[in-house]
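For this one, chain L is given, so just place chain Z on it according to the hints.
First to last, the sequence lines map onto chains L and Z.
As numbered in the working numbering, residues 1 to 307 make up the first sequence, in order.
As numbered in the working numbering, residues 308 to 746 make up the second sequence, in order.
One should not assume that every hint holds.
[To be verified] Heads up, incomplete: computed chain Z residues facing chain L, CB under 10 angstroms, no partners named:
hint: 1; residue: Val338
hint: 2; residue: Pro339
hint: 3; residue: Phe405
hint: 4; residue: Arg418
hint: 5; residue: Arg457
hint: 6; residue: Ile472
hint: 7; residue: Pro476
hint: 8; residue: Ala478
hint: 9; residue: Pro480
hint: 10; residue: Val485
hint: 11; residue: Ala607
hint: 12; residue: Glu612
hint: 13; residue: Leu616
[As the list claims (entries may be wrong)] Every beta carbon over 10 angstroms from chain Z, so not counted as near; a handful from chain L, in silico:
hint: 14; residue: Pro52
hint: 15; residue: Glu63
hint: 16; residue: Ser111
hint: 17; residue: Gln145
hint: 18; residue: Gly146
hint: 19; residue: Arg182
hint: 20; residue: Asp220
hint: 21; residue: Val236
hint: 22; residue: Arg250
hint: 23; residue: Ser257
hint: 24; residue: Trp275
hint: 25; residue: Asp276
hint: 26; residue: Gly278
hint: 27; residue: Asn300
hint: 28; residue: Pro306
These aren't lab readings, by the way, just hints derived from the structure by calculation.
In this text, a Cβ means the ideal position worked out from N, Cα and C, and glycines have one as well.
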Amino acid sequence: MQTKTALCPDLWLVCSAAAFQSIADFWREEAGPTSLLAWRLAKRLIQLAALPDLAATLVMLAERAEGCVTVVFEPLDEQAARLLMTLPQTCLTALDLRVLDWRRAPLEVVSSMNGPDRRVLEHLSSTPAGQEIFEARGAIQHDPQGYRAGLALWETQVRAGHPYAFAQSFPARVDAPIDWERLVADPPLPRGSANDDQVYHLGNLAAASGSDGLHPVRLDSPPNSPEQWSLSWLPVRPRRQGETAPGYLRFMADPRSTDSLLGCTVLISCRNGSWDLGVVGPDRVADLRLPEPIDLSDVNVRIRRPG
Amino acid sequence: MNLNPSLLAKVVEVLRSSGAVPMPGGHGVVVPGVRLRDDIVQEPGVAERCFVCLCLLANGDLAELDSDPTGETARQFGERRLERRTARHWAPFAKAWFDLYGPALAPEVGRLRLRYLLDAMAEVAQDWLSADEERRDRKAVFTEWCKVARRRVADFETGGNAPGIVWEPRADPVGMRVPVGNPSWGRAVVALSDDRATQAQAMYFLHVLHSTLGVAQHSPDKHMAARREFYGRLRAILQAVGTECSLCQHAQGIANALGAMAMLNPPGEVQSANTDLASDLPECFQPASPDSRPPERDLAAAALEAAPLARDRLLAAHDLAEAVVDLLMDPLRKDMQRRDARGPPCFTPGSYSYLAHQAKDERRRFAAASGPQLRSDAVDDAPSLTRPMSRRFAEWMEEGGFFLQAEGYLSLVGAAPSAVRPGLMRCALCHAQQPTIGR
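The following block holds chain L by itself, in its conformation from the complex:
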C-alpha cells in the first residue's frame, strides 16, 4: 500500500503594503475568481507581514514546522538582508524558507502564487504519473475541492499558454491531464468508530470567555470529563489593531492525563465549522492553524480513541 504524505500549504509573507495591494487587487482579478491565487488570498496563505514582526512570525512558524515559506520584500535591501541574516538557525532548518525582491521578479512572484505548492511541483517534475501521494492538511484539508479546482485551472492555463515550458518542467505529465483528485487526496477519516467518541460541550464556558478572536482564550475540560485537558485559541499578532488574524486552535492534555489521551484524535465543532486537530502526540498537543478566528461560543470537543 502506498504511503501518503501530508501536504501543508505553502505560505507567502509579503512585506510591502503596495505589493500586497497589487496582488490582492489587480492580480486576483487577472487570475480569476477560482484561481489558486484567489484561493490562497481567501485562505490567508498570502499575507501582508510587518517587517518589524517578521522575525517573530518566522520563529513562530518554525516552532510549528509550517513547511514552505516565501518572504517577498520590496525592496530586499541591506536592511532586509541584515534582518534575515540574524534569524535563528532553527528558522532555517525547520522552514523551507526562500526570499526574494518584488521589484526584481514581480511576475514570477504572482505566477508562483498561482501555481501548485512547492512540494507538488517537485513531485510533478520528478515522479512518473500515477504515483500520487499527497494528503491534504491545513487550509487544503478544509477546502480540498477549492484547492484542486485552482490546480486544474492552472494546468489548463499553462498548457494553453506555455506548452513547451510545461513539457520541459513536467515531462512525465505531457500526455495526459493530471489527476488532481488522486494527487491531493482528502484527509483520512479518523480511526475508530464514531459511536466510541466522547463528546464534551463547552458552550457555557466558551460564551463566558467573551472571545473576540484577537486575544488568547483557554477553555478547560468540563467536570464530566474523566481526563484533564484544555482547548485554547492562540491568535497570531494582527497587523493592525482591530484586524482579524490567523491563529492556532490547540488541544493540550494535562500531564496527569497524558497516557490516556496519547494517540486520541481530537475533533472540534462550533457554529462556523468543524476541524480535525489530528492526533495527540507525545508533546501532549493536537492543534491546527486556522486562517481566521472562529466563534468559540458553542464548542463541542470530540475525542476519538485510537484503534
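For chain Z alone, kept in the frame of chain L given last:
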C-alpha cells in the same frame, strides 16, 4: 474609453524618470535597477525610445503614411518590414512594463496599464517632436500612426489567450535561500579575499549574467569554438571601461580572469580549473543551468558582511553582470561600433548567434525528451516570461532587423540612435566620457 488625466500625468512622470522604455518584441528592460543608476547614461534617451517603441507598434505604417519623394525610405522599410506582433510577442513587453512600472502603478492603472503606457509614451514623444523644427513637421504623421498602435494594443488586451501566457510554469521554486550557516559562503569569503578573487568574481559574474538571461552556461574550462565570439566581445567590453563610475572599477580584473579561461583560448593551450574552484562555493558561483535564477544581490552581499573587501568584489561583479545584460537586451544600444569605429566595443550580430544557438539547442533537447506531441511551432517559438534571452529575440538581434528599423525611424525625424561624439572615447558600459580607455 477616456483615461483619467491625473493618472495619465503620473504615468508620464514615472516614464520620464525611469530612463527606460520596454520595446515590443524585445524586452528592452530586464534589470530596471541598472537603468535607474545615476552613473549610467541612457542613449538614446527616454523620448527617442518612446518614439521608436510606438513606431514599431505601428509596424512600418509610418513609412507608408509618410510622403517620401524618393521612395527610398518606403523601400527600406518594405524590405525589412517587421512581422505583425501578436499577443505572444506582446507578452514579454507587458512583462517588462510590469517589471518596470508595475510596483509603482499596477494597483492604480490595473488592467488598463498598457493603454496608459501607450498614451504616456505618445505624450512624451509628441513633446520631443515639438521641441525641434525638423521633427515638428512629422507630428501629424506620428499622430495618425499612434492610432494604429492603440488599435493593436486594444487587440492585445482583448486577446483570449493573453491571461494564460502570464502563468508560466516553473518546476523550481522562486526566491533564494537565506545563506546563514552554509559553510560554502565561508569559503566564498576566503576565495574572494585571496589571490583567487578575480577568478571567483568572474565565476559569480558569469552565473549572474547567464541566469538573468535565462540561458545555460557551459563550463569555462572547455574550449568551444562556437562561443568564442560571444565571450570575446564580452571580454572586450569589460576591458574597454573607464574608471569614472563605481560599476567599472572591477571590470578589468574580471576581464583578465575571463582571458585566462580555457574557453577563450585555442584548444589545448590553456588549462583552467574554474569549475573546480566554484564547486566548493555557493551555487551562484557555479555554471548556471537554464533554470537557475539570479541570486538576490543584497542578500548575497549580506552573507559576506564580515568581510567588506569580499563583499565589495561580489557586489561589483553582480552590478557588472546586470549592466552587461542590459546592454545585451537593449536593441537600441547595439552595433554602435559598426557605425563609429571610435566608439566603445559592443556586442555584434555574431555574439547573438551563440545565444540563439544555446536557446535552440535547449528547445531541441526538451522537444526530443517530451515526445512527438510538442515537436511543433509551439516548441520552437514559445516566448518565455522568465527567460528573457529567447531564441527568437537572439535571432532577431543577430539579423539586425530591429536596430535597422529603429535607426530608420529615428533618421526620419533627424535623430540618431546614439550620439557618440567624434574624438571622445566612451566607457562601453556606462558611456561616461573617458580621457583614456584601456584596450
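Okay, the hints, checked on the actual structure:
Given hint, Val338(Z) at the interface with chain L, holds; its Cβ is 8 angstroms from that chain's nearest Cβ, closer than 10 angstroms. At about 7 angstroms, the closest approach between the beta carbon of Pro339(Z) and any beta carbon in chain L falls short of 10 angstroms, and the interface hint on this residue holds. Hint status for Phe405(Z): holds, given a least beta-carbon distance of 6 angstroms to chain L, under 10 angstroms. A distance limit of 10 angstroms between C-beta atoms decides the matter here; for Arg418(Z) the minimum to chain L is near 7 angstroms, and the interface restraint holds.
Against a cut-off of 10 angstroms between C-beta atoms, the interface hint on Arg457(Z) is violated, since the closest Cβ of chain L lies about 21 angstroms away. A cut of 10 angstroms between beta carbons decides the hint on Ile472(Z): the least distance to chain L is about 4 angstroms, and the hint holds. With a cut of 10 angstroms, the hint placing Pro476(Z) at the interface with chain L holds, because the nearest CB-to-CB distance is about 4 angstroms. With 10 angstroms as the threshold, the beta carbon of Ala478(Z) comes within range of chain L, its nearest partner Cβ sitting at about 4 angstroms, so the hint holds.
At about 5 angstroms, the closest approach between the beta carbon of Pro480(Z) and any beta carbon in chain L falls short of 10 angstroms, and the interface hint on this residue holds. Hint status for Val485(Z): holds, given a least beta-carbon distance of 5 angstroms to chain L, under 10 angstroms. For Ala607(Z), the shortest C-beta to C-beta distance to chain L is roughly 8 angstroms, which falls under 10 angstroms, so the interface hint holds. Because the smallest distance between the Cβ of Glu612(Z) and any Cβ of chain L comes to about 7 angstroms, under 10 angstroms, the interface hint for this residue holds.
The beta carbon of Leu616(Z) comes no nearer than 17 angstroms to any beta carbon in chain L, farther than 10 angstroms, and the hint placing it at the interface is violated. At roughly 18 angstroms, the least C-beta separation between Pro52(L) and chain Z is larger than 10 angstroms, which holds for a residue marked as non-interface. Every beta carbon of chain Z lies more than 10 angstroms from that of Glu63(L), the smallest distance being close to 17 angstroms; the non-interface claim holds. Residue placement check: Ser111(L) does not keep its beta carbon more than 10 angstroms from all beta carbons of chain Z (closest about 5 angstroms).
Against chain Z, the non-interface label of Gln145(L) holds: every CB pair exceeds 10 angstroms, the least being about 21 angstroms. For Gly146(L), the non-interface assignment is confirmed: its Cβ lies about 18 angstroms from the closest Cβ of chain Z, beyond the 10 angstroms cut-off. With a minimum CB-CB distance of about 20 angstroms to chain Z, Arg182(L) clears the 10 angstroms threshold, and the non-interface call stands. No Cβ of chain Z approaches the Cβ of Asp220(L) within 10 angstroms, the least distance being about 40 angstroms, so the stated non-interface status holds.
The Cβ of Val236(L) sits about 21 angstroms from the closest Cβ of chain Z, beyond the 10 angstroms cut-off, so the non-interface label holds. At roughly 28 angstroms, the least C-beta separation between Arg250(L) and chain Z is larger than 10 angstroms, which holds for a residue marked as non-interface. For Ser257(L), the condition that its CB be more than 10 angstroms from all CB atoms of chain Z holds, with the nearest at approximately 39 angstroms. Taking the minimum C-beta to C-beta distance to chain Z, about 29 angstroms, the non-interface status of Trp275(L) holds against the 10 angstroms cut.
Separation of Asp276(L) from chain Z is adequate, the least Cβ-Cβ distance of about 28 angstroms exceeding the 10 angstroms criterion. At roughly 26 angstroms, the least C-beta separation between Gly278(L) and chain Z is larger than 10 angstroms, which holds for a residue marked as non-interface. Even its closest Cβ contact with chain Z, about 40 angstroms, leaves Asn300(L) beyond 10 angstroms, as expected for a residue assigned away from the interface. At roughly 37 angstroms, the least C-beta separation between Pro306(L) and chain Z is larger than 10 angstroms, which holds for a residue marked as non-interface.
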